[in-house]
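Let's have the full structure, built from the sequences with the hints guiding it.
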Amino acid sequence: MVRPTLRLVALLTFALALTAAEAAGGGSGGNNASPASGGGQNPVAGGASGPAAAGAANDDSALTNGKVRIAEVNGDQGYRQPKSDIYIDTRAKMMKRQVLEEYVKFLAPLKLPKTIWVYVDECDGGDSASPYYSPDNRAMVMCYQFMKMMEDRSALITQAEAKNPKLFPMKVNRDGFLAGVFAGVILHETGHALFDVLDVPIMGREEDAADEISTFVALQFQPKLADIVVAAYADVGETFDNPPTQSPDPKAADYPTDKTQQCFADPFCAFADVHGTWGQRFYNTLCLMYGGNPTHYAFLKTAGWLPKDRDCPAEYALVRHAFAKTIYPFIDADLMAKVQARAWFRSNELK
Amino acid sequence: MRRATLAAAILGLTQWLSPAAATAAPQVSIAYGDAPANDAALVHARDILVKSQALEELDSFLTPLRLPADLHIRSDACGGASRHPYDPSTKTVTICYEMIARILEIAKAQTDASDADRNQAILGTIVEDLFHETAYALFDLFDIPIWGRIDDAADRLTAFVMMQFGEDNARTTILGSALFFNWSARSWTGKDFASTEAPEAQRFYNFLCIAYGGDPIAFANLKTNGALPEYRSAQCAKEYQQVRKAFDLRLMPFIDPDLLVKARARTW
Chain A
310 MVRPTLRLVA
320 LLTFALALTA
330 AEAAGGGSGG
340 NNASPASGGG
350 QNPVAGGASG
360 PAAAGAANDD
370 SALTNGKVRI
380 AEVNGDQGYR
390 QPKSDIYIDT
400 RAKMMKRQVL
410 EEYVKFLAPL
420 KLPKTIWVYV
430 DECDGGDSAS
440 PYYSPDNRAM
450 VMCYQFMKMM
460 EDRSALITQA
470 EAKNPKLFPM
480 KVNRDGFLAG
490 VFAGVILHET
500 GHALFDVLDV
510 PIMGREEDAA
520 DEISTFVALQ
530 FQPKLADIVV
540 AAYADVGETF
550 DNPPTQSPDP
560 KAADYPTDKT
570 QQCFADPFCA
580 FADVHGTWGQ
590 RFYNTLCLMY
600 GGNPTHYAFL
610 KTAGWLPKDR
620 DCPAEYALVR
630 HAFAKTIYPF
640 IDADLMAKVQ
650 ARAWFRSNEL
660 K
Chain B
189 MRRATLAAAI
199 LGLTQWLSPA
209 AATAAPQVSI
219 AYGDAPANDA
229 ALVHARDILV
239 KSQALEELDS
249 FLTPLRLPAD
259 LHIRSDACGG
269 ASRHPYDPST
279 KTVTICYEMI
289 ARILEIAKAQ
299 TDASDADRNQ
309 AILGTIVEDL
319 FHETAYALFD
329 LFDIPIWGRI
339 DDAADRLTAF
349 VMMQFGEDNA
359 RTTILGSALF
369 FNWSARSWTG
379 KDFASTEAPE
389 AQRFYNFLCI
399 AYGGDPIAFA
409 NLKTNGALPE
419 YRSAQCAKEY
429 QQVRKAFDLR
439 LMPFIDPDLL
449 VKARARTW
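Chains A and B, in that order, are what the protein sequence lines are. If you're matching positions, the first sequence starts at 310 in our numbering and goes up one per residue. If you're matching positions, the second sequence starts at 189 in our numbering and goes up one per residue.
In short, the hints are calculated from the structure, not lab data. Where hints are given, some of them may not hold.
[Stated by the list, open to error] In silico EDC-like cross-links for lysine to aspartate or glutamate, where the CA-CA straight-line distance does not exceed 20 Å:
1) B/426 - A/505
2) B/426 - B/403
3) A/420 - A/641
4) B/426 - A/508
5) A/617 - B/380
6) B/433 - A/516
7) A/617 - B/385
8) A/647 - A/368
9) B/433 - A/505
[Unchecked claim] Over the 12 Å line for every Cβ pair with chain A, so calculated as not near, a few chain B residues:
10) 213
11) 221
12) 224
13) 227
14) 239
15) 245
16) 248
17) 256
18) 258
19) 300
20) 302
21) 352
22) 449
23) 454
24) 456
Treat the numbers as computed from the prediction; the structure is a model and nothing was measured. Here a beta-carbon is modelled for each residue, glycine too, at the ideal position from N, C-alpha and C.
Structure follows, in structure tokens:
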């Protein structure tokens, strides 16, 4: 669960992709109107164009789920007191944005056989600790370290974008970036949780599968919301490194002492990571976006972001098929429609 | 609804009463396509496959499967490409002579390696290629949901199957494949990562992890000699069990358990 620093970067990227998924809160139009190809069912059918941003108050009375719960301790509402003062501000912002409360509402349509839990904590693993799902506790844990790192990252990304607007496939503002990152990451961890409690057969690599579920879910919402997530994802991805191509000098001052870190510094051993490289995750996500909505994301193709030899609509269809077969039966369609119609991002994030 | 059920029952009864009306069970058909006579490497690759009866062996191996449709497996020249995608419209798997030639060429270039290692890599990787390409057909024929990248799914199913036929076969095929991935590894950068195929080093670890996770006794040295880094070996049991569960849930219902036992008891 805890990954080395180098990997964190990849994780972040990954998380961003996930974010994209959740951020897409609205109905991505006709292209993915029928995720359950041929099955007659319609997992998370897109369609209705709900409000993109929360303007008038949302009616959330129906959006409850007794099987997705915030793990509260001593009245902390699921936001643990951080051990380090540097995360006090991060915690306050997350509480104010009500990220956990919103997340639980977002998952209202899930009919789960077992309760899953969620909370935010200063995780073990130092500055680079990243969010994880713990099957032992059936808990998704978001880490203050991760969100703080994303806050810091967002400034760098904005600067880089100002210098070179073509550096990233899409633009996103700092608030949107953070909201998108959070959404993407928590959806990715939700993927792990669902694979666990729903006994989902995973033939490929689970980390990629969790990326897929996150992106797929995002794509079931309005393009305007999905955009935030993709953009955030792509931005992060662009700022992180793939595995090194040169062997490190073991005598160098910055050569890691930790064995796992040494492995990630090695051009071959770095590929032992259970996560794909950030480059793989970046292209996987762009490919699903385009495959899910070739009209809206046509520019990804024309601007050359997509690999030419990749059949993205077929890849999207494969994920949709897997979702329809293994996840959709556990979704309440009426509640799903409500979730799709609701505004999940705020106007400052959508700008 | 009830009427339909009744009709189906009568139809089933009729078929049972008149065996002549029953259609033959779908089968695997195999064929060795021609290699271009002017390409010595491909001609040699074809010879190797034919002499080793690779497709006949694969056909026997697939006997326990209850196929819903005929499956065609052929080897062929692929116009320079080492892989040719499975064709779901004709249910045809193609094994490319180019891939076999490439395996032979890369093994031959390892002048520091022992003959035993080279032979293991050649045999193991040819089996890997046959299984890997066939996996795509199984995903299609049995309508298996694929979470994760499909090429990795084909690798994981391949490695899992390699583990089911005794430790000697597992060593030859998995370690042979891993040797080949190591020898053929190239440097990946930038847009290389857009590929649907995994980098060789990633495949190396995926195969070894399934081996160690499935049999930490026979493959204990993968951990002790550092081939698998500690943080990865720690989760290989989970990876193996995950593939096993997917196999049990989605493929096992289409496999004749008695024929499977026979296949496992056979010497390959």
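(message) Of all the hints numbered above, which does this structure not satisfy? Sort the numbers upward.
(response) none
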